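Based on the hints, put chain B with the ligand in the right spot on chain A.
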Amino acid sequence: MAYGYGRPALKSTVDVQLQSAFSDGNWNAVVRLADKRAKALKDNYYEAIKVCAESQLDGAAERCGILVAIEDLVKQKTVVDIDTLELYEWAASDFLQSEIEYADTLGPLRVRWAKANPKSPLALQCLQACLEYWDLVSAQQISTALDKAYLNSGDRRYMFWSITLTFLLSISPQCSESSRKVYSLLVLKQLERAAEITENSPKMDIKDRGLLNEEEICLYYRVLLVHGNKDDYIKRVQGNSLGALALLRKGHKLLFWDSLGVLETWGEWDLIFDLSRQALRLGLEGVTPHFFVCDWKVWKTFIAAASKSAKPEAALEEVQSILQDFFALKTKKPDTYKKNLALALLEASSKLYSLSPVTAPDVKGMTSRVIQLGLFLEQYFDRLSVFDDVKEYVSCLSFEEVQTLLEDIFPSMLSAQSDNVKGVILGSLICKIRYLLSTCPQTLSRHPSITDGQQQAEPYRCRVCSGLTSLPCKHCLKSIIVEAIGTSKRISADSDLTDAIPRLDKDPRIDLALVIGLSLLKLSGLRPGALEALWSPTRDLDPSLFLQAILIMDAQLRETPSDNGLRLILVRLYLLLGNASHAHQLWVPMDVKRTIHDALSPLFFDRISSLSPALFQGSRPLMEPLRSYYSSSLRDQCPLKTWEAFSSGSYTSLLDMVEYDGHLQRSCTLMMTLVEESRATRAFSGKTEMEIAENPLAWSIQDDTPLVNKTDYGSFSNLESPHGPQIQDFVRLGPELSNERAHLAFLSEQFADLLSFRPPKEYKPAKAIEAAIRDRNYVLERLTHLNRSLATFIHHPKTPSALTSAELGHYTIVSLLAAAALTSLSTSRADPTPKNMSLASSSIRTTLMSLRASSLQPAPAHMSATCFALTNMHAVSYLREAALAVKHTAGFVLAFHERELARDRSGKSALQRDVVAEMKALETVAAKILSETKAHLQKLKEALGEGGWLDRLLGWIFGEDEQAVDGDEELRRAVSDMIGGPEGAEEWCGRVLEGWREGIKGWLMVRWE
Amino acid sequence: MANFRRFRPGDLNKLSKCNLDPFTETYELSFYLQYYAKWPSLFQVAEDQNGNIIGYIMGKLESSPDVYQFSEHYLPWHAHITAVTVAPEARRLGIGRLLTEQLEAAADANDAWFVDLFVRSTNHKAIAFYKSMGYSIFRVVKDYYGDHSSDPTQSSEDAYDMRKPMKRDVKKEHIREDGEKYEVQPTDVW
Ligand SMILES: CC(C)(COP(=O)(O)OP(=O)(O)OC[C@H]1O[C@@H](n2cnc3c(N)ncnc32)[C@H](O)[C@@H]1OP(=O)(O)O)[C@@H](O)C(=O)NCCC(=O)NCCS
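Respectively, the protein sequence lines represent chains A and B.
Using UniProt numbering, read the first sequence as starting at 1 and increasing by one per residue.
Using UniProt numbering, read the second sequence as starting at 1 and increasing by one per residue.
Just chain B, with the same shape it has in the complex:
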């Protein structure tokens, strides 16, 4: 059973089902509160009947800083998925999709061009998940992660920057068909 609602800080005491899973990062308190303070409608949770959080999504709305306006890597007004996770026991029930759809609705309501996110290039499950919802790879950020999730002999891992156009992007100007071929450096993204 599940409830979908806005995050509230008390949920941080109920994260174990999600955050004890090694694929889910636990951040400092200020990080969660930053999102809750600035973009509360983009921070949504799914909870079970006992109040345990079994899924959540955290996102923000932004564009690149003005100084980069003329850079080829400039990002116009868009929503960004910072974290999405579903507890192992609650996966494949559509919870991840529903959370993402809520964030997309908020992105549309705020007139965003697209929603984007970074994912480890080896996180095949998550990539399949995003692709199933219409996200595609926009570019590859080389060695974006300072460690490797499955191969301890490697000291870094690439990220895929994936995107889905929102209603505002009528002409689909902000996505690419062959984004796998566009490689950029971590310093090009922000």
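Okay, chain A solo, but in the shape it has when bound:
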């Protein structure tokens, strides 16, 4: 809503002189002229012009006159004329964002006016103004007045505006607890009455106060869900005029769709079965377009409902018979529906099978569902989406069925394939499915984990290859790699195939490279948990296999740059490798911008300041596009475009938009943006422009605001089975965004801001003592809050699993520091030594030391110290953060002490002696760690500057050390062949080295004191 920001026009009766002074913004003249006119004409309007003009002047007293004037008007209970209101609203707009509440001031004035003039078109403007400031209390009152005024006019909008606003108010924090019940009941009753009218009228007229169109009806169900009861919902949704099927008959799908979800959460399976059956029959009979409800979700819920019915076999047979009727339809079936039908058949047979697993007598694994799966694969194996389509079904096959798939179905599909191109497409699909199976637990059987009293490293037997293994089976992974490399090389060597590839939807070598890369990653020892338990993400990894994986996927991406699935995995892998600049180069072409920031930016930006502050030193502020996205989307108090939804009668859209806005305001990505920027700014310039809590984007975030993570991993190429962690969990550094982490980060930034708080210098108050007390109280108050909040979050049971170990160490220290600072500043010279001080201080020291140990630890035996350190920057970064926090806290407390000593020579108000001593000791420890850390980085830089790096990197990739590739010659040869030997890897190594050097350069630019 653009309304309200511009300067309003004065009434046309105002003389030219005053008009032009006003439009020129010549406020002194306006004040003078308006004052004269007010006295001469005895018209309050001029008084108002004067007050408003004064509010534009510089003096604080004049500026605030407007607030007093408004307060008086609210108290007087008279109706203020609309022009005066407009003037006041404009003049007060600066205060409305912060100092005064619209709902206490202009809102009630607007209500008063609208109630007195409900039929004036300007009443609508009053409603709009209240909505603009998201004052639901006033807006609701105005809409009710409008509804009454237009009762029999045939304009339905007012009735539904009033209903919608009453509902919004009833679920809003703006509603007082005492009114909530009244409004809830009121809105429900209004809609019930409307529903009755519709159900009892054979034909509805526009003037009737019933429910007429889809939006009105769906609004009713939304309200019913929140304020009504389940039985009513269930009764209505089956009704003849307002039921889901009734709406379907008229071509409206929304209610049917929504109700399936609702009924599912209630476990109303019989009703779901019945509704779905009837809805699908409507399509078969041609009452609706044939495939109107042939959506995957409908089939899936229908089949689930059938399997939960009293006679599941019979019900599932009915499903299958309906499916057959659809197949038999003579009309042209769009491919996507044909596929939905085929999958539904697979789903139904899968469900039937799980009810009574029957197998063909001769081949044990040849069950009905495997047969169905085979048929589906035969039909769709060359479609891009086939893997995702069958993933769930493959993952739940028994081992015998897996065997049938691998040993019967695939070979016969391959041999039936006379087309070479289709043959390699099928080959690459089989590789993907074999990889998927390596992540499925049913391919393993338990093997005694202790033999001869010895704990076995490989406690499983793989049922596919019979080898002993741990999870996943290494032998299978190796054979998958060799097979995939073979297929890939065969494609590249066959010109018929390479000529055909540009005409395909996707180069099969992309999937093959993915399978090879992922298998190598698994072989290298990459585990989601390992990132956590072992500090450094790559510590436990076989560097050779890890680097090979990246190299092969990177080479493929250069051939086929549009494959975002591969690209996203590589972005994350380069970040793990400590190569952020490289990751950034891969990230930028995806052009993540505007609306998709919230869901996608965490894939690159989360924890970025701890990985590479250097990135923040580019020409354009790194995260500026994110910040500006949030600023523009959350600029107004009211959710975007709500007025448009109101005026278009899109009531359900409106409710969804309000909810979306609520989520965006408390988005983890938004908090990530603020925190990462704030950290990077502190790292370079020491002080941020604005305290993080002062940022308007953070205003609504309190400790109890649940922050939501909406990260979208949908575009990762994910071949993992649903039984275990997904690919994003393997390649992410630490746990994903979460409420706990976001709050801790926010609080620790606030703590950093507080530590840089210095009492204003230029202002020398006459009463120095009072000022000192005021400052101390301010600091104590904020410390008390931060101490309490930090302690709450750090001790939350979910917190340890939401953080990397380095983060846990850091936030623990910050939380202890807040407590220590609070204790310190609460003492004075004469007090006894505070009890918890030495405990806090020794905990800080211990945590700092263990953070130090893991950040600056020596490399494991098989890894280069430099390479190891380069992949451990996240921990180093938190060591620096923590040491700085200690140093700054000590500095803050000691500076306070010094100031008190200087102010009060008696020393009485200075801090307690032992507190001062503890702080000095902490400061020394922190300074020592900081210089060690800096030296560590300096050493890294020097090491990287030495010659011979290219050869060293090549050495790791190709495993000079026999151990590194498990002595598996076949694998080693195949991989080396795929890479093209050392020559094939040289250019890549050069790029990686360059990335590392850049990163270190950035680290040496950050501040250390």
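No lab work stands behind these hints, which were simulated from the structure alone.
Predicted model only: the values in this text are computed from it and were never measured.
Do not rely on the hints blindly, as some may be mistaken.
Within a straight-line C-alpha distance of at most 30 Å, the following computed BS3-like cross-link-like pairs (lysine-lysine) qualify [said to hold, decoys possible]:
no.: 1; chain 1: A; residue 1: K391; chain 2: A; residue 2: K308
no.: 2; chain 1: B; residue 1: K38; chain 2: A; residue 2: K332
no.: 3; chain 1: B; residue 1: K172; chain 2: B; residue 2: K38
no.: 4; chain 1: B; residue 1: K167; chain 2: A; residue 2: K332
no.: 5; chain 1: B; residue 1: K167; chain 2: A; residue 2: K203
no.: 6; chain 1: A; residue 1: K338; chain 2: B; residue 2: K125
no.: 7; chain 1: A; residue 1: K338; chain 2: B; residue 2: K131
no.: 8; chain 1: A; residue 1: K207; chain 2: B; residue 2: K38
Frame of chain A; chain B with the ligand shown alone:
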């Protein structure tokens, strides 16, 4: 597998399969919400089994502003396709066609004369797609786009304004056989 349903704002967090494709533009939040607020039934999505959006169409119903009523470029009440896109992995399954058909049904339900859209004159796939559904070129808007999708040496690109008549246009008054020959300037369209 696919579901076809009305867009809802939560879908904006699931757009990556469509919007990471360089042919699909990502707009400001207010742009999407504007369409959702005003023409919710003309904003439809296709989603996969994991809730990822694999296709969507956004459209509006309008006529030219009244002041242009006597201009030769005046557009009567019609539906306009603002964006249609299908994720690369889900193309050629009929998803684009189904989404467009839904919008056309809404256009007919709202008594529109025709459905129209702008497409880059070099977007051959999309042009073939529209033609297969009965759209034809009505006019060429010269240099409508301020950049060129495939040739970086060019600073602009023409748009085809394509149309399909709806039921209301019984006499097919709103389409042209030889629309390629009608060139107009960007200032003539709105
Ligand atoms: C244009 C686009 C939306 C088509 O979506 P789609 O779901 O693949 O299209 P459909 O499967 O419904 O195709 C319907 C018909 O259009 C035609 N068609 C679609 N894509 C085509 C292509 N690449 N080449 C030739 N004809 C094509 C065919 O006749 C097709 O019928 P058929 O498959 O039975 O032969 C999709 O390619 C896309 O998202 N492109 C990028 C975004 C874009 O350009 N949008 C248009 C901006 S104006």
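Evaluation of the provided hints:
1. A/K391 / A/K308: holds (23 Å)
2. B/K38 / A/K332: violated (33 Å)
3. B/K172 / B/K38: Status holds; Cα separation ~28 Å.
4. B/K167 / A/K332: Given that 30 Å is the threshold and the Cα spacing comes to 22 Å, the pair holds.
5. B/K167 / A/K203: holds (26 Å)
6. A/K338 / B/K125: holds (23 Å)
7. A/K338 / B/K131: holds (23 Å)
8. A/K207 / B/K38: The hint holds at about 23 Å.
Violated hint for the displayed structure: number 2, the only one.
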